[in-house]
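Visitor: Working from the sequences, and respecting the hints, build out all of it.
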Amino acid sequence: MDKQLLLDSIQKEIDLTEDEILRLLAVVKSKKVKKKQYLLLEGDLSRYAIFVASGCLRSYCVDENGFQYIQQFAPEGWWIGDMYSLVTGKPGNLYIDAVFESEVWMISKVDLHRLYQEIPKLNVYFRILAENALVYYQSRSMENLRLAAKERYEKFCTRYPTLIDCLPQKQVAAYIGVTPEFLSKMLHQ
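Everything in the sequence shown is counted per the UniProt record's numbering, starting at 1 for the first residue and increasing by one.
Hints were generated in silico from the structure; no laboratory data involved. Among the hints, erroneous ones may be present.
[What the hints assert, rightly or not] Okay, derived cross-link-like pairs now, PhoX-like style, lysine-lysine, Cα gap no bigger than 20 Å in a straight line:
1. K3 <-> K29
2. K3 <-> K31
3. K185 <-> K170
Guide: Dropping the structure here:
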């Protein structure tokens, strides 16, 4: 699996020497993930930050009635993980699975923390990721509180333009917080 997309993502924010690249690549693990295969289940301990090299993953929770609430889609070039579990070391509350057949790069929390010591500028990269994630989740939270379903759908289309035509309508509905039936009616008005 090609590591260039991962390196490009990192080197968009920081410059790494050849030696630093080799140290980083020595600890990232590749994994092929089949469609609908889980990388994390609710209640699991999250031990990895996951970079999507190809395909698409999603993170979501399920309520007591079985309704899914999709928190994030992670298409090619995006990071995903259960940050609550990864940071606190407590069992997570998210499922992470593959929307399509995917290939990912995974880095363990232990290796990441060791690399922070060996390559301090990686702290900068992951701080930027954390800041961007905070902005994303705050924006998403405000959208869910303030916007009507149609506007949330439009935000989804802007945020994930490459996914609009290939995701099942049921998953789009779960992302914007409506039933598939409601989404279908809304799109046909």
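Visitor: Now tell me if each hint is right for this structure.
Guide: Evaluated hints:
no.: 1; hint: K3 <-> K29; result: holds, 10 Å
no.: 2; hint: K3 <-> K31; result: holds, 12 Å
no.: 3; hint: K185 <-> K170; result: holds, 13 Å
In summary, this structure violates none of the numbered hints.
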